[in-house]
Amino acid sequence: MHPNYLNNLVFITMKSLWFILIFYASIIHVQAQNAIWGKVVRDSDNQPVIGATVRVLNSDILVSTNENGEFRLVFLSPKGELEISNIGYETMQLSVFGNTKALHVRLKESTTQMEEIVISTGYEALPRERSTGAFDHIDNETFNKQVSTDILSRLEAVSNSLTVDRGTNSNGRISIRGINTLRSDMMGPLIVIDNFPYDGAIENINPNDVENITILKDAAAASIWGARAANGVIVITTKKGSFNQPINVDFNSNIRVGKVPDLSYVQQMSSSDFIDVEQTLFSSNYYNSQINSANRSALSPVVELLIKRQEATPTEIEEIDQLINQLRMYDIRDEFSRHMYRGSVDQQYSLGLRGGSDRLAWTASAGLDNNTGNLDERFQRYNIRLNNTYKPFDKLILSSNIQYTHSKSINGRPAYGEIGRNNQYIYPYARFTDDDGNPQGLSIDVRESWAKSIGNSGVLDWMYYPSEDYKNVDRGAKLDDILLNLGVNYNPLPGLHLDLKYLFERQSNIVRGYFNDQSYVARNMINRFSQVGEDGNIVHIVPYGGILDRSNSVLQANNLRLQSNFYKSWAAHHFTAIAGWELRRSNTSSNWSRLYGYNNENLTFGHVDFTRTYPILNGVVSQFIDDNTGISDNTTNFLSYFANASYTFKEKYSISASGRRDASNLFGLRTNDQWNPFWSLGASWNLSEESFFTNRFVSYLKLRATYGSSGNINPSMVAATTIQYVGTNMFTQSPIAYINNFYDSGLRWEQTNMANFGLDFRLLNQRVSGSIDVFLKKSTDLFGTAVLDYTGGIGATKIKNVADMKGRGVDVGLKTQNIRRTEFSWFTNLNLSMVKDEVVEYHLSNLNGSNFISTSSLARISGVKGKPVYAIYSYRWAGLDPSTGEPRGYLNEEVSTNYSQLTGAGSQLKDLVYHGPANPTVYGSLGNSLAYKSLSLDFAFVYKFGHYFRRQSINYQQLFTNWVGHSDFENRWQHAGDEIITDVPAFVYPTAANKNNFYAGSEVLVERADHIRLQYLNLSYDFGKANRGKLPFDNLALFVNASNLGIVWRANKRGIDPDHYFGTNRTAPPAIYAFGVRANL
Amino acid sequence: MKKTVKKFPLIAITAVTSFLITSCEKYLNEPSNKSLAIITNLEDLQALLDHTMMNSSPLAPEISADNYYLTDDGWESLELETDKNMYIWAENNVFQPGIELNDWTRIYQPVYYANTVLEHLLNIERSQSNNLKWQDIKGQALTFRATCFLDAAQIWCAAYDASTAETELGIPLRLQSDFNIPSNRATLQETYNQIIDDLKESIPLLPVNPVAKNRPSKPAAYGLLSRTYLWMRDYSNALRYADSCLMVTDELLDYNDLIPSTAFPIPRHNPEVIFERWTDLGQVLTSSRAKIPLSIYLSFDEEDLRREIFFQKESDDQITFKGSYLGFAGIVSGIVTDEIYLTKAECLARDSNINEAIQVLNTFLEKRWLKGSFTQVAATSSNEALAIILEERRKQLLFRGHRWMDIKRLNKEDANISLVRTLKDEIYTLPANSPRFALPLPDDLLGYLK
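Line order of the protein sequences matches chains A and B.
The first sequence begins at 1345 in this note's numbering and counts up by one.
The second sequence begins at 2 in this note's numbering and counts up by one.
Don't take every hint at face value.
What the hints assert, rightly or not - Listed below are the simulated DMTMM-like cross-link pairs for lysine to aspartate or glutamate, each with C-alpha atoms no more than 20 Å apart in a straight line:
hint: 1; chain 1: A; residue 1: K2150; chain 2: A; residue 2: D2125
hint: 2; chain 1: A; residue 1: K2211; chain 2: A; residue 2: E2351
hint: 3; chain 1: A; residue 1: K1583; chain 2: A; residue 2: E1547
hint: 4; chain 1: A; residue 1: K1735; chain 2: A; residue 2: D1702
hint: 5; chain 1: B; residue 1: K368; chain 2: B; residue 2: E392
hint: 6; chain 1: A; residue 1: K1583; chain 2: A; residue 2: E1468
hint: 7; chain 1: A; residue 1: K2254; chain 2: A; residue 2: E2347
hint: 8; chain 1: B; residue 1: K27; chain 2: A; residue 2: D1977
hint: 9; chain 1: A; residue 1: K2144; chain 2: B; residue 2: D179
hint: 10; chain 1: A; residue 1: K1996; chain 2: A; residue 2: E2033
hint: 11; chain 1: B; residue 1: K35; chain 2: A; residue 2: D1977
hint: 12; chain 1: A; residue 1: K1652; chain 2: B; residue 2: D317
hint: 13; chain 1: A; residue 1: K2142; chain 2: B; residue 2: E392
hint: 14; chain 1: A; residue 1: K1583; chain 2: A; residue 2: D1702
hint: 15; chain 1: B; residue 1: K396; chain 2: B; residue 2: E367
Bear in mind the hints are in silico, worked out from the structure with no lab data behind them.
The task is simple: from the sequences and hints, build the whole structure.
Below you can see the structure in the form of structure tokens.
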């Protein structure tokens, strides 16, 4: 301490004193040159530890190590204590003296659970401690607690703020922090692998190549991705070798066995009820127009029997009645279970090698997946990957990554709901084989009795044979994907890196569908176009033989990024910045074609005249023969500039800023509106580092706040009036075109602004750790459907930038170490998200209630101001009419059965019942890890609350015309008084579409969708732990895993799984059990 | 040496950057979908006009008219309430809401295309070499717009009456492609004026012989003008343009050359067809539902070939129609010479030119009867001639989209035609000159149209 200054500063507190002293001291130091240089390395492999904190105890002096692990420290006292710490390492203290010039510190890696978390944004890697944004990090261990062929399906149970939406999308769509757009095709997050968005099919990636996954949630995290980041970003980081690493071998193999799906989940109408309905309809002459129809449409076996019965003798009548009663016994679900479904078996093998010398780090891996599904569909995938990092001299790093995927899939047998008219509809008593096991034919398009009567010889057999037909169809796809990454990293000056990264991807997908001459598709096609010649013989216009469909699509992506990274650390300051330029191009070209009369044996095919129409044999129209031929070529180009900087002072205060401008060709053909800026700002305060912070229960506390914007676009939007050529006019033989886009000068990018306030904490000696984030967001210029006066001639709707919406929510991630003894431990991991979205501005010009009610179980975007994007509305229900059992609603507060008004202009939006959103407002997961010696058990629940879904029920219109029944029929109103116990309308002929739509959209069919599901259970035993050294392995773990274990609690009382409920034909996925081994040597 | 090697990456990066940044512009202007194109030339415009949608005609006139009936079962099994309503001339909810392809869309979509073509034509330079094509395209677009407006007037307006047309409501006349311009209904007089102006403007532009019959031609425009004046009951002008049309082409199909036993004996684009606009039959008019009244069937003589060519006797003795001018099931409402012959005869008769009127009719009828069996028609008074001619018009133009307007305009001449439908035990009537002869607008447009 310098005595000259002391007297002048008596009124200043000791803290401030120290600060000022250091300030002056550093000036003095320039003359004195009394500095310590040090380097901090990892004890195990001598790798530099970047960003480690070096602190002089009992002082405010604090520096951190640079990217080479080095630090410089100015030190005034003759003697002092240094503390060197970093997340993931044991903190070290050592004494230094005035004459100490150089220090070499070896930090031991920490054995406790806290590891340094490095977050990868795809542009840079940064330690979580110094970030301002909201991230979720899924480490390798957590990721591998589930077993699957793909990556994304594992995220729902382990990540924070992410959910898979199955209420508005039948395939399930990942959503992060809810919805930011009104367009269902613009709702998915951006998926990045290592450095670049992945354009190929994400199913190509072998999950065993994944090191960890980072989810970028708020603007500070995601806005660096600009125009495509509004829905959040998922960054998948793959495994890499490191320098100076002995060869390490990973082996992983597992087999997954799935049960046969339980078809009793399908709410199918009983065969007996169905036959009763057919008999009633028959006696009401409903089928007359079909019987006499020129389309000769197929009639069900019961109707055919009833036709015969009309002119039958009394003994024949008895026989027919007996036959009909026999049909009541059959259930098509039994047929499907017997002939189509089987257990699934998936196998997975993966081998990975890693190693590194002081100049070269490498990884090589290979994977094989071989899956056989419930319908005997096959999928095989082969992955090979080779990743090298080479350092020819210290300032230059060259890296390369080559990845090749080949996969092959073969379609399986038809699933429930894929047999019948339009491959969908069939009566429930259909049989696939007769009592002797012979294939049974079904008439699905035309009446067989009529087909046999045509011409001299009759046309080809026009029956569909469910138990045989799939054997005559060979459909499948082959996919080849090659991904090449090249990188050059040059370090011309200390702290400055110039980085050039290039990605090339080519994915080719060949789809082939061969329907041989015995297949129904081929026979139906040949028959439809058959003509009866003047001599009464059948003339085939479509040549006899099979049909071959082929399509080929090639995706080529080229990405190039030039980036400079700057890193500087001096005294208590850290500064990092990146800036760069990027070009992305993705082109998909495809073509498809069809051959008729194709013979797979000798590759012959026939010729067809596509230029003229032919009268259809079973109809009155003339049609062209479908050429199923086409070609397309689509390109997406992006050009971007970006920069990002962050500054940390004393490891306590951080600020960050990012900016990006994107331009793309998507709004094409006009240069205006191509460029759009996105930006973010963030700050964080490491409160627990303050010396006044002395709470002994809280070891770490950090506050974060960010604000910024990101964008969203729809590749199909184009600003100009464009036309598309669609073929040739058959009379003029000249090309014809239609207008596919109508000029809209107001077209812009969608933009989402988000504010995020976060808190990271570790309490009670790390026993409790986690984060809480609160966010507010507003999305503007959203594409929405504007309802138009269609006198304008461009249709009744047009998509424009018409809407705004806002959202708010909370994400909580909590990890607790409930028990952590050496022998036994129990950790819990809770993810809880609450999110609400609300439409702020959307001019709906048509407020007819029916526009807001989807009569299917798939929710529709409602766009009502003040309500969520997907809102479930319904018609008010006034109960069944006590005298007729007909459904009733309210028109102007009066009970009414005027269905055209109830489903039309009479029910306006304000007259509807609002239930709530179709997407969960509270969701998350709860995972538990228990370990006893070498045995560990993991299981996780996933929960979704606060949303609604529409239940299916009987639709008489569908029942009469399309054979679609529903088990609710059993509970229909039949006698006066039934209206007290049931809401299912009576069976009345004739029925009207509006009546059925009213019931389908009524409030009695809306159910709460809340549920909790046991997502997976994993039991593993690690031989390595107990026998280290005795076995040739470092680790050898055997595991058993169970998934799709079903629902443990649900709000609806009808046994419906809201996540697996679409149409009447959806089956719930059966439980899957996996057995596997993971070895490491 | 080593120093240069170390600097090489820096130099390379700088070089690549500067090269790439300069090629940005081209990169951003690449079309995102190669099959997208902006309109740049006459071929693009012709390709729009050749779209099959341009030739699609509405169904409402035929569904509303009395060429057929539905059985109770047939009516009950209709899926759309709007179809059921249209059959019984309901006062609202007779057109499907706009997302579906209802007749309003069928009519105003081609109008948008025609307007787009007319606007883009102004941006395309005319030269010696493209002048004919340029004119042709303009003429086609005008004709398409006029024929669409004429169809709309038939459906949604009352029959033209010169004394009330200035106050009677017409249709929205959309003459610009900008869909943001609100739609206002013109008066009936303005509507017909616009149709006549468009057609008259198109005549000098159009070719006598079109490339194909889906494109408008000079005779097509004459024919449409003749039809328009007939509907306005301006018989001298109707006669004048019928004559002009027949001067260019007066060919008639000889039904003796057809094979009555085939499913649809009359071939598509046959010599009688001048300009084809057509529609398929839809749910109501499909032959499994729409049955022909016995009275119509019996009005054809045994030796009149049309009896066999137009009708099919089904197994249940019900009669269905197969006289489509399409070669398959459907309705052709474009310009066909038979209509023009009949218009000419009617106008002549109304002008008391009995002999010539009957002569025109005989020329026409001769091609409809079995060779050698036709006896010439004769009439002594113009009223008798007119009655015969109108009877033949009724018989020849079945399912051709004319009957609805014929009823309306003839009622204006005191024909007093009322329509009756019977369903189950209920009887629906549409008295002559009822305002319901103008169909209600699509319900979902009521908020827009003023």
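Non-conforming hints, listed in increasing numerical order:
13
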